[in-house]
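Q: The residues making up each chain are set out below.
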Amino acid sequence: MALLEVENLCTEFKTDQGRVKAVRDVSFHVEQGEVLGIVGESGSGKSQTMYSIIGLLAANGEVTNGKVTFNGKDISRGKFKKKKEYEQVMSELRGNTMAMIFQDPMTFLNPVLKIETQLIEPLMNHTKMTKAQARERALELMRLVGIPSPEKRITQYPFEFSGGMRQRIVIAIALACNPKLIIADEPTTALDVTIQAQVLELIDTLKRESDSAIIMITHDLGVVAKLCDRVAIMYGGKIVEIGTDREIFYDPKHPYTTGLLSCIANPEDDSDHDLTPIAGSPPDLLNPPKGCPFVDRCPHAMKVCKEYMPDVKTFSPTHECACWLNDRKAGKE
Amino acid sequence: MSNVQDKPILSVRDLKTHFDVTKGLFAPKQVVKAVDGVSFDVMPNETFGLVGESGCGKSTLGRTIVKLYDPVSGSITFEGKDISKIKGKELKSFRKDMQMIFQDPYASLNPRMTVGEIIKEPMIIHNIYDNDEQREKRVVELLEIVGLKPDHIRRYPAEFSGGQRQRIGIARSLAVNPKFIVCDEPISALDVSIQAQVINLLKSIQKEMGLSYLFIAHDLSMVKHISDKIGVMYLGHMMEVGPSNDVYHRPLHPYTVALLSAIPIPDPDTAKNKGRIILEGEIPSPINPPKGCPFSTRCSKATDRCRQERPQPIQVGNRLVSCFLYEK
Numbered sequence: 001m002a003l004l005e006v007e008n009l010c011t012e013f014k015t016d017q018g019r020v021k022a023v024r025d026v027s028f029h030v031e032q033g034e035v036l037g038i039v040g041e042s043g044s045g046k047s048q049t050m051y052s053i054i055g056l057l058a059a060n061g062e063v064t065n066g067k068v069t070f071n072g073k074d075i076s077r078g079k080f081k082k083k084k085e086y087e088q089v090m091s092e093l094r095g096n097t098m099a100m101i102f103q104d105p106m107t108f109l110n111p112v113l114k115i116e117t118q119l120i121e122p123l124m125n126h127t128k129m130t131k132a133q134a135r136e137r138a139l140e141l142m143r144l145v146g147i148p149s150p151e152k153r154i155t156q157y158p159f160e161f162s163g164g165m166r167q168r169i170v171i172a173i174a175l176a177c178n179p180k181l182i183i184a185d186e187p188t189t190a191l192d193v194t195i196q197a198q199v200l201e202l203i204d205t206l207k208r209e210s211d212s213a214i215i216m217i218t219h220d221l222g223v224v225a226k227l228c229d230r231v232a233i234m235y236g237g238k239i240v241e242i243g244t245d246r247e248i249f250y251d252p253k254h255p256y257t258t259g260l261l262s263c264i265a266n267p268e269d270d271s272d273h274d275l276t277p278i279a280g281s282p283p284d285l286l287n288p289p290k291g292c293p294f295v296d297r298c299p300h301a302m303k304v305c306k307e308y309m310p311d312v313k314t315f316s317p318t319h320e321c322a323c324w325l326n327d328r329k330a331g332k333e
Numbered sequence: 001m002s003n004v005q006d007k008p009i010l011s012v013r014d015l016k017t018h019f020d021v022t023k024g025l026f027a028p029k030q031v032v033k034a035v036d037g038v039s040f041d042v043m044p045n046e047t048f049g050l051v052g053e054s055g056c057g058k059s060t061l062g063r064t065i066v067k068l069y070d071p072v073s074g075s076i077t078f079e080g081k082d083i084s085k086i087k088g089k090e091l092k093s094f095r096k097d098m099q100m101i102f103q104d105p106y107a108s109l110n111p112r113m114t115v116g117e118i119i120k121e122p123m124i125i126h127n128i129y130d131n132d133e134q135r136e137k138r139v140v141e142l143l144e145i146v147g148l149k150p151d152h153i154r155r156y157p158a159e160f161s162g163g164q165r166q167r168i169g170i171a172r173s174l175a176v177n178p179k180f181i182v183c184d185e186p187i188s189a190l191d192v193s194i195q196a197q198v199i200n201l202l203k204s205i206q207k208e209m210g211l212s213y214l215f216i217a218h219d220l221s222m223v224k225h226i227s228d229k230i231g232v233m234y235l236g237h238m239m240e241v242g243p244s245n246d247v248y249h250r251p252l253h254p255y256t257v258a259l260l261s262a263i264p265i266p267d268p269d270t271a272k273n274k275g276r277i278i279l280e281g282e283i284p285s286p287i288n289p290p291k292g293c294p295f296s297t298r299c300s301k302a303t304d305r306c307r308q309e310r311p312q313p314i315q316v317g318n319r320l321v322s323c324f325l326y327e328k
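Heads up: the protein sequence lines correspond to chains A and B, in order.
Read in order, the letters of the first sequence correspond to residues 1 to 333 in this note's numbering.
Read in order, the letters of the second sequence correspond to residues 1 to 328 in this note's numbering.
The following block holds chain A by itself, in its conformation from the complex (with noise of 0.2 Å):
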């Protein structure tokens, strides 16, 4: 059974202009060990898929339907009738089993607390470990991301580490009570390429020495390429196709997927062709259009792609694409 089934999710925010339809009808699942990378553009839908799931949606927002299975327990939000209930559930999970870093070291770790606070706090909260029980483990783990000299550091404030040093003490802290789900988000785009360097290479050590599965999402494809195992590309609130990372990188079935692979510069190419852009800009959630989400700008539209959803089509056991482009029935108009 996967680690990480999700069924259908939607998940709505209320505005002053209305409600944003953020995440529609999204369905994936996760396995135990691997890496799966959530690419999208912002706006897509990527960030607020996986804070529905850990339920940590800001105050407008509201998961409308679906269903979450995480190791074999339904955390679903409607399978609670109380928010109370809900948040204990969630809490429990969270930093236990469930753990998340997020793109900003600064705005997660607290200003004002040392290290050492921190990083025992998860383990306090969710072991029955001893305050110097923890305090070892915290060494243990500073030393596993790769902090020289941890026993000096660990009495330090955030603001005494650099930004791929920071990043480093929230992965600590994510692996502290060994989840078996890490969600990372954009977890190195704050950091300078030598720097997300050191962190890729990192996430892939540990990638490979623990079994913890890897949601990451992000914009890079590079990201991408260097470490996930399969690949969802978002657009528009939806999921508009899933791969491996072979499938998605070499044979692309959605228009918007192959447009995203040819409007990066890939520097191993030393032809001066331009690059080819997606025209236009992504649609607006407030009014979610009706048919593909990518009718506005993708250049094979037909008259049904406006009118009508496209349905999952699988190309392999791992490789699904949302496109009429896909379907021979649908009238070339």
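Keep in mind that the hints were calculated from the coordinates and are not lab data.
Cβ coordinates follow ideal geometry from the N, Cα and C atoms, glycine included.
Treat each hint with caution, since some may be false.
To be verified - One side of the interface only, derived from the structure: several residues of chain A facing chain B at Cβ under 7 Å: (1) 41; (2) 198; (3) 202; (4) 206; (5) 222; (6) 246; (7) 270; (8) 274; (9) 275; (10) 277; (11) 278.
As the list claims (entries may be wrong) - Mimicking BS3-like on lysine-lysine, the simulated pairs with C-alpha atoms at most 25 Å apart in a straight line are: (12) 272(B) with 253(A); (13) 272(B) with 207(A); (14) 96(B) with 7(B); (15) 207(A) with 274(B); (16) 85(B) with 67(B); (17) 290(A) with 14(A); (18) 313(A) with 21(A); (19) 83(A) with 67(A); (20) 21(A) with 303(A).
Using the hints, position chain B against chain A.
A: Below, chain B alone, put in the same frame as chain A:
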């Protein structure tokens, strides 16, 4: 892309920009050497890409060249004239030839001005057209050049997306018909699919108007794509300068080698099998830089000499490299 002409449009020699960061009246003087002795040339119609990690001084260098900061020493020669010390009227007329595109398309447009007013403002400042009618006509032309609609002229920046705002910023910089544009990370705030739109736009404008760019970015793949020449900066110093394809395929300076090896390649087979050079440690503080080569603290090939002496740029083929390894 570049025309073969002998004279560079912009020539920077041994430029230094320092900031005084002394805290308190009696504290010892502390100086951030953001740019510390940089030299390079940009030819007409050419794009010079400037790369480096945050804090390496690439944006300070760009801002010093457009005279938003005053250099401590060194020269900036633009079209044969040293502009490093000009003031007043001269500075104003220089600004007409050199414009800038900023990183953040949200912060760089006044939210209370309409698009038309924003693009018109430089024309009014530099007194380019006789009357408002002519200016308006030019604004409409510019909007079309950057791919916006003429009826956008009465709208406010808040009504546009990031990519469209960056187009407005580009239209504004073109309003005075400049010869040179400093692009300071013009695409790093944009989504991937929008980045390509802006890059293509900058390239086509360059072809049509014969502009030269100084393109500052940390995204190495994009810089390589748009630039004819690349300069690699580290801690206020220029480590290597050369034609972009050569620098990419045969990097000479150990820092360039490491930096290029760190780029994530968007191709699973290459990315997962590629051996990478992972640099240890971080960039030293520019307040207290290493005595010798700025990279000596992280370089695997560093010798005692590197830690004591500062290497000067050496000509190696078509490249300038600041490293003792290439001394004859």
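Q: Holds or violated: are the alpha carbons of residue 272(B) and residue 207(A) at most 25 Å from each other?
A: holds (13 Å)
Q: Just to be careful: measuring from the Cβ of residue 202(A) to every Cβ in chain B, is the smallest value less than 7 Å?
A: violated (10 Å)
Q: Regarding the hint that residue 198(A) lies at the interface with chain B, is the smallest CB-CB distance below 7 Å?
A: The hint holds - residue 198(A) has a Cβ within 7 Å of chain B, the shortest such distance being about 6 Å.
Q: When the nearest CB of chain B is found for residue 275(A), is that gap smaller than 7 Å?
A: holds (4 Å)
Q: Given the hint that residue 290(A) pairs with residue 14(A), test it: the Cα-Cα distance must not exceed 25 Å.
A: With Cα atoms ~20 Å apart, residue 290(A) and residue 14(A) stay inside 25 Å; holds.
Q: Using Cβ atoms only, decide whether residue 270(A) comes closer than 7 Å to chain B, and label the hint accordingly.
A: holds (5 Å)
Q: Given a cut of 7 Å on the nearest C-beta pair, is the interface hint for residue 274(A) held or broken against chain B?
A: holds (5 Å)
Q: Check the hint pairing residue 96(B) with residue 7(B) against an upper bound of 25 Å on the C-alpha distance.
A: Given that 25 Å is the threshold and the Cα spacing comes to 21 Å, the pair holds.
Q: Would the hint linking residue 21(A) and residue 303(A) be met if the CA-CA limit is 25 Å?
A: Answer holds: residue 21(A) to residue 303(A) is near 24 Å, not above 25 Å.
Q: Please verify whether residue 313(A) and residue 21(A) have alpha carbons no more than 25 Å apart.
A: The hint holds at about 24 Å.
Q: Hint check: residue 83(A) vs residue 67(A), CA-CA at most 25 Å. Holds or violated?
A: Roughly 16 Å separates the two Cα atoms, so the pair holds.
Q: Does the CB of residue 278(A) sit less than 7 Å away from some CB of chain B?
A: holds (4 Å)
Going through the hint list in order, the structure does not satisfy hints 3, 4.
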